[in-house]
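Asks: So the chains spell out like this:
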Amino acid sequence: MTTQASPQQAAALAIDGLAIEMRDVHKWYGKFHVLMGVDLEVARGERIVICGPSGSGKSTLIRCINRLETHQRGRIVVNGIELTDDTRRIEEIRRDAGMVFQHFNLFPHLTVLENCTLSPIWTLRMPQKEAEARAMHFLERVRIPEQAHKYPLQLSGGQQQRVAIARALCMSPKVMLFDEPTSALDPEMVKEVLDTMVGLAKEGMTMICVTHEMGFAREVADRVAFIDRGEIVEMNAPEPFFTAPQHERTKLFLSQILR
Amino acid sequence: MSDITAASNNGAPQAFVRTKASPDLPPPLAVGGIIGWMRENLFSSALTSSLTLLSLLFLYWYTPDLVRWLFIDAIWSAPDGEACRAPGAGACWAYVNAKIEFFAYGSYPRDMVWRVDLTLVLGACLAAWLLWPSAKRKALALVLFLVVYPILAFHLLHGLGPMLRGAMRGLADLFGSKALADMAASALPVVGTNLWGGVFVSLLVATVGIVVSLPLGVLLALGRRSKAPVSRFLCVMLIEIVRGVPLITVLFMANTMLPLFVPEQWSPDRLMRPLIGVALFSSVYMAEVVRGGLQAVPKGQFEGAMALGLNWWAMMRLIILPQALTIVIPGVVNSFIALFKDTTLVAIVGIFDFLRAVDTARLDPVWAGPTISATGYVFAATFYFVFCFGMSRYSMMMEQRLTRGRSH
Chain F
1 MTTQASPQQA AALAIDGLAI EMRDVHKWYG KFHVLMGVDL EVARGERIVI CGPSGSGKST
61 LIRCINRLET HQRGRIVVNG IELTDDTRRI EEIRRDAGMV FQHFNLFPHL TVLENCTLSP
121 IWTLRMPQKE AEARAMHFLE RVRIPEQAHK YPLQLSGGQQ QRVAIARALC MSPKVMLFDE
181 PTSALDPEMV KEVLDTMVGL AKEGMTMICV THEMGFAREV ADRVAFIDRG EIVEMNAPEP
241 FFTAPQHERT KLFLSQILR
Chain E
260 MSDITAASNN GAPQAFVRTK ASPDLPPPLA VGGIIGWMRE NLFSSALTSS LTLLSLLFLY
320 WYTPDLVRWL FIDAIWSAPD GEACRAPGAG ACWAYVNAKI EFFAYGSYPR DMVWRVDLTL
380 VLGACLAAWL LWPSAKRKAL ALVLFLVVYP ILAFHLLHGL GPMLRGAMRG LADLFGSKAL
440 ADMAASALPV VGTNLWGGVF VSLLVATVGI VVSLPLGVLL ALGRRSKAPV SRFLCVMLIE
500 IVRGVPLITV LFMANTMLPL FVPEQWSPDR LMRPLIGVAL FSSVYMAEVV RGGLQAVPKG
560 QFEGAMALGL NWWAMMRLII LPQALTIVIP GVVNSFIALF KDTTLVAIVG IFDFLRAVDT
620 ARLDPVWAGP TISATGYVFA ATFYFVFCFG MSRYSMMMEQ RLTRGRSH
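Protein sequence lines correspond, in order, to chains F and E.
Numbered by my numbering, the letters in the first sequence go through residues 1 to 259 in order.
Numbered by my numbering, the letters in the second sequence go through residues 260 to 667 in order.
Do not take every clue at face value.
Stated by the list, open to error - In silico BS3-like cross-links for lysine-lysine, where the CA-CA straight-line distance does not exceed 25 angstroms: (1) E/395 to F/150; (2) F/191 to F/150; (3) E/397 to F/129; (4) F/202 to F/191; (5) E/395 to F/31; (6) F/174 to F/129; (7) E/558 to F/150; (8) F/150 to E/279; (9) E/486 to E/558; (10) F/129 to E/395; (11) F/202 to F/174; (12) F/129 to F/150; (13) F/31 to E/558.
In short, the hints are calculated from the structure, not lab data.
Turn these sequences into a full structure, and let the hints steer you where they fit.
Replies: Next comes the structure, spelled out in structure tokens:
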């Protein structure tokens, strides 16, 4: 376990406080022990990339942060709010943590614009005009304002994923969670989504990203975590992580995906 | 080969580069046209060809007789059943014409049927407002239809209750108005439900069933899928018990058992009891249809909504139910149509619905004759078919509208 923060990061923590704190988080699916005591601290503005073989628990980990999965032991604090069974707290945490899914999960019965304004209007009680202005602002930022009045299924996969990012940004989240955002895309569409994410990272958004896009990890990650069999095996800055992995399992995994 | 340039790709002999896009060609002629259509749809194989011929033979055999009976030999106007009794006479539409008021209103006092007409017209207008796809201010229409209209309809159809009448008398005393006092005494006299009958009772039972069953069915379906064990258990029990019993039994039970559960002065009206029975019965069927729709909505939709911080009710109302209900439109309308036809069963507990009116009217000795029963039942069948077919077409139109923009 190499979860120790570097001196610079420790300084950042002291100033800004933590965006996410996970302590000894355990989760079981029935008898299957998916997460075996995960410790993770994410400072505000920090970008973490999580990778690992399939079934290693990386998606479960990120989905525990906004309670799409329930952890059964340990402590998770998001933006100073601890996750408990209290529904209001969970909703509050979810409003502050935008999530982007592998399969987009856009609402097919609403237009792109309505997808983006729905939650600001219903959970933040924002007036419709303001919500629409904000949605257009973020749709411009992901470079698809001209698609605002189309339905999601009329767009390409890459465009849908960018809408999903805009939809999450419309809630002004403090943290963005990406769960394999490019895995379901056709190869020629991966870049447009990654470019959007890089732009977001450069603006200082706190990001946790489960992905196999190692180029993206090198470019924007502050730390890369490797998860295998429910625990964080190795976590380090991208340079040492890729050039000098410490753990055997990390070496094996990297040799398999980097070819 | 003119728009293809041979490219020498380091000696690779097969390489070429297209310099112009090839133009679209028209489809082959055999695909379109009447001949093409017939070949494809009527005579595509030996089996379809023989079925086509059999159908044509069947139509040739029966259509002329049917048309003759229904239209050519039919008696369109007559003062009594004399003409209809003549040998070779077809359908006796004169009888339907003479009985049409009875079919429509049952024994409702003839000088007061304007109250029924007004109720029906108001209901039809509100329903049209609600069902018209591009109509504005549907929320207002919904409140009018679900809250204001039932109260208004009750007072129009049943008459002013003693409380309202008393209130009017009080107002009359306050203002010393003679006109108001007269109105308090005589406006909208009570017409007991034992006099209600015919088409309007059928429409009343069907409308109440439809309007109650959709929201109640949605609630039962949500309850059945909920994680709270108590509400789930109650919903499952209600659904399984009511669904496991024939409608006739539910109606008999509503008729004889409902009064036992409440104090005597609260005992529901004789029309109210089958209304409750029909509404409950159709709700549990609706619940299962809606549950099918809820299960067909992908898990990602729930997660997408939750991740945005929507609470459970907002998620259900804004994201899940709109999609689930669109998926189950065919099933919902199927239930509505079944319900509309099942309203004829209320006759068993003494409610004088349309079919019962037809069945009673044919016994009138003035009109008695060999074609009277057939004419009455053909008329009833046509009435039910028109309504059910209308519902079916409307639902297909809505399905197309709602699924627009959901596919590539």
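Asks: Compare the structure with each hint and give your call.
Replies: Going down the list of hints, with the structure as the test:
| no. | hint | result |
| --- | --- | --- |
| 1 | E/395 to F/150 | 22 angstroms, holds |
| 2 | F/191 to F/150 | 22 angstroms, holds |
| 3 | E/397 to F/129 | 21 angstroms, holds |
| 4 | F/202 to F/191 | 16 angstroms, holds |
| 5 | E/395 to F/31 | 54 angstroms, violated |
| 6 | F/174 to F/129 | 23 angstroms, holds |
| 7 | E/558 to F/150 | 23 angstroms, holds |
| 8 | F/150 to E/279 | 32 angstroms, violated |
| 9 | E/486 to E/558 | 16 angstroms, holds |
| 10 | F/129 to E/395 | 19 angstroms, holds |
| 11 | F/202 to F/174 | 15 angstroms, holds |
| 12 | F/129 to F/150 | 19 angstroms, holds |
| 13 | F/31 to E/558 | 23 angstroms, holds |
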